[in-house]
Amino acid sequence: MKRRDFLKQTTFASGMFFVPQFLKAFENNSMKSFSNKKVVIIQLKGGNDGLNTVVPFNNDIYYQQRSNIAIKQNDLFKISDEVGLHKSLQPLQDLYNKGFVSIINNVGYPNPNLSHFRATDIWQTASDSNEYLQNGWVGRYLDYTKGNPYSAIEVDESLSLMLKGKTQNGLAITDPKMFYNSMRAPFFNNVVANYKDAHLSEHNLGYLYNTMIDAKSSAKHIYEQSNTKNTFAEYPKNIFGKQLKTISQFINSGLETQVYYAGLSGFDTHANQAGTQERLLKIYAESMEVFINDLQKNNAFDDVLILTFSEFGRRVKQNESKGTDHGTANNVFVMGKNLKKQGLYNDLPDLGNLDKNGNLTYEIDFREIYATILDKWLQVDDVAILNKSFSKLGFV
Amino acid sequence: MKSAHIQHLYNRIGFGITPKELARLSKKSKKNVVNELFTASNKTTVLKVDISFLKGKTYKDFKDKEQKKELQKISRKKVLELSTAWFQRLNNPSEILREKMTLFWANHFVCESKNILFVESYNNALRKNALGNFRDFTKIVSKEPAMLAYLNNKQNKKKSPNENFARELMELFTLGQDQYTEQDIKESARSFTGYNHNFRGQFTFKEKQHDNKEKTFFGKSGNFNGDDIIDIILQKEQCARFISEKIYTYFVNENINKKHIDEMVAVFYKDYNIEKLMRFVLLSKWFYEDENIGTKIKSPIEFLVGINTVVPYKIEKTRQIILVQRLLGQILMSPPNVSGWKTGRNWIDSNTIVTRLRLPSVLLNNAEIAYSEIGDEETMITNFKKRKLRRKAFIKVSADWNSFEENYKNNSNKELVHQIITSKINKGTEEMLERNQQLSKHDFVVQLMSLPEYQLC
Chain A
964 MKRRDFLKQT TFASGMFFVP QFLKAFENNS MKSFSNKKVV IIQLKGGNDG LNTVVPFNND
1024 IYYQQRSNIA IKQNDLFKIS DEVGLHKSLQ PLQDLYNKGF VSIINNVGYP NPNLSHFRAT
1084 DIWQTASDSN EYLQNGWVGR YLDYTKGNPY SAIEVDESLS LMLKGKTQNG LAITDPKMFY
1144 NSMRAPFFNN VVANYKDAHL SEHNLGYLYN TMIDAKSSAK HIYEQSNTKN TFAEYPKNIF
1204 GKQLKTISQF INSGLETQVY YAGLSGFDTH ANQAGTQERL LKIYAESMEV FINDLQKNNA
1264 FDDVLILTFS EFGRRVKQNE SKGTDHGTAN NVFVMGKNLK KQGLYNDLPD LGNLDKNGNL
1324 TYEIDFREIY ATILDKWLQV DDVAILNKSF SKLGFV
Chain B
42 MKSAHIQHLY NRIGFGITPK ELARLSKKSK KNVVNELFTA SNKTTVLKVD ISFLKGKTYK
102 DFKDKEQKKE LQKISRKKVL ELSTAWFQRL NNPSEILREK MTLFWANHFV CESKNILFVE
162 SYNNALRKNA LGNFRDFTKI VSKEPAMLAY LNNKQNKKKS PNENFARELM ELFTLGQDQY
222 TEQDIKESAR SFTGYNHNFR GQFTFKEKQH DNKEKTFFGK SGNFNGDDII DIILQKEQCA
282 RFISEKIYTY FVNENINKKH IDEMVAVFYK DYNIEKLMRF VLLSKWFYED ENIGTKIKSP
342 IEFLVGINTV VPYKIEKTRQ IILVQRLLGQ ILMSPPNVSG WKTGRNWIDS NTIVTRLRLP
402 SVLLNNAEIA YSEIGDEETM ITNFKKRKLR RKAFIKVSAD WNSFEENYKN NSNKELVHQI
462 ITSKINKGTE EMLERNQQLS KHDFVVQLMS LPEYQLC
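Line by line, the protein sequences are chains A and B. Per this note's numbering, residue 964 is the first one in the first sequence, and the count goes up by one each step. Per this note's numbering, residue 42 is the first one in the second sequence, and the count goes up by one each step.
Take the hints with a grain of salt, since some may be wrong.
To be verified - Selected chain A positions facing chain B (in silico; Cβ < 8 Å):
# : residue
1 : 1081
2 : 1096
3 : 1150
4 : 1314
I should point out that these hints are in silico values taken from the structure, not numbers from a laboratory. Note that beta-carbon positions come from the ideal geometry of N, C-alpha and C, so glycine has one too.
Only chain A is shown next, with the shape it has when bound in the complex (with noise of 0.2 Å):
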């Protein structure tokens, strides 16, 4: 049977256009506390070597622990009498040079035990490194603020912990057109216009009819919303590239979204390292030159924070196989249009003081940096959110 006919004889006229009330009054649904500002998050999984991103340049201990792979003074821009960014971040040049660019050193956690995996949930929920938490730091806010699940969007095909609530998800969704075909069979319609116990969500068949609807009702506006503004940017032809693409139509076209969330994989270099950090680096400064130059061009930069982390840094020795291992404490970029503190946020690591695997100690808890960003920037309660009490940063 070809599949138009099956969907054909699935479909029944009556009940394709009946949306019962309660998801009428979904979808009529306004934030009432919508604030303007957005975040975009990303993350450099693999974990970046964020020594020979920031670069230390005049530092023997760096070039004495990494014979082969340290960058040579010519390949670095530089932004400090000491410190150099690799050559492949020359598109942030000028965005640093007009105070849009903080980088925040040392940035970690107690503990960490160098897995990709671990680390990545820890990152994400915010928890601490003895610690298995079953939701993110963004989930529990749209707990926090009763967001709709399009108020944190994940450019990917599955949604990662970090949007993930105890009551509330956010939406994974790599392209708005085909999130929303995808549920635009009358089948779907069907089912959800079929749907009439609005009391059910307390058992698994109500979450699994609700996570359908908000996956209906979300992709409907998102794609609606989204097309009323195109981008001309001429992004990266790369994933990456592609996923910013996406998210600043998103943000250009005036989506209700808070929190975006995207990645660039590929950082875990233990082997012949500096090619394929060179190739990424320049993936993601090229994007982000694009992306920001993007909203500055739509008036949405104003009200936009990029923060970048790694789940880890790399070793500060490097291997036998010109790569590093996995490290610990890293720097971490934020980028705004209003920084409270531009360029280097604070020291760079030392490296005369490692800690007894050689590896960096870190500075800063990650979680200041989200307890900043929450308190300061989306102007929530961090402390409902992280659970914990942290101290704040001066950044924005």
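Use these hints to put chain B onto chain A, whose structure you have.
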């Protein structure tokens, strides 16, 4: 035994049941049905792939950089092949309960490796011990090369203990969080020092790396080794409780009933016999209570294999088998981390629900599925040029509709509903199904499997 109860039993210890089998079993008593399950799972059919590429390879070959790289490449492919073979096995198991238990243990003693020798050995260790003794099982797991590598126990040496395994052993494998101190972890790690394996994946004990001094663990002192530590851990009733809760969550209900758990602990703590515990659960009255029937969200594998029980199908390309698993959030042999897949409602998000509802049409009616490459969790995506940004795919599937026809020839569409779905059905959906009775049996069954209700078992 009541049909609905047999269905429930087979949903939980397997992946559903055909009407023919159901009819056969419904003439038997509960005791006999359960007995038959265990008898059928008495033996173990190991899972294997062709690993002749390793024939004649020596330690030297693994030291040589170029050769090593090449061997690793083949090995990774072989792991995918084994993962696919596992999927096929689940679709056609002879030892159904053993296979389901293997799947359970794979999400308990969570481990991952890219070395085919290690993966094959590990996977079969889970299978062989799935219904055995938990004490022996834990000791075997602690010596499997895959686990020694995965949780860094082979880097655990007298001079520089690595606590990774010691921690997870207690936190995830035996006791649960907050049941031990950091000092217990340290002493336990010292006891496991010297554990290692050779390149062929055989366990070796490096006497020189082992810390031979006295350790104090859970209040006991002695020159303990790894096995001793496991014995001491198992003396705690909490271990029997932790495992009972996990089995209850997986096979019975995510909402723990303390009374039922107490009963299970009483059975399990005696001798840590997994088969006895499972017999007790499957023969208990409460296993068949309404609140436990049709209320569990199927894992992606349960969902995929469950469809196969109704309409046998075969996805032709390995790549697409993996793709489907990825879209649903569970790739066999590729767990997200050592704590495993988060189950229950965690299986369902906006994407996976849509994929699940569409998948029966994709698999059985040649529908198209859209996906993008972004979700590929490989940390090493090196060649972007080769990867397209977005794709639509026709998953190449051969569906055996004849077998469905044969199995369900005596069932009307109306009867089909409760053969396919064991959960309560939303009222509006029920009315919709009522109106759809005139659909062909093929379309009707695909429709049934495209409902939110079908996600439950």
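task: Please verify that hint: residue 1096/A, Cβ, nearest Cβ of chain B, below 8 Å or not.
output: violated (11 Å)
message: Just to be careful: measuring from the Cβ of residue 1150/A to every Cβ in chain B, is the smallest value less than 8 Å?
response: holds (6 Å)
field: Satisfaction of the residue 1081/A interface hint, Cβ to chain B closer than 8 Å
entry: Holds - the Cβ of residue 1081/A comes within 8 Å of chain B, reaching about 6 Å at its closest.
- request: Could you check if residue 1314/A really has its C-beta closer than 8 Å to a C-beta on chain B?
  value: Violated - the Cβ of residue 1314/A stays beyond 8 Å from chain B, reaching only about 21 Å at its closest.
Checked against the numbered hints above, the structure violates hints 2, 4; every other hint is satisfied.
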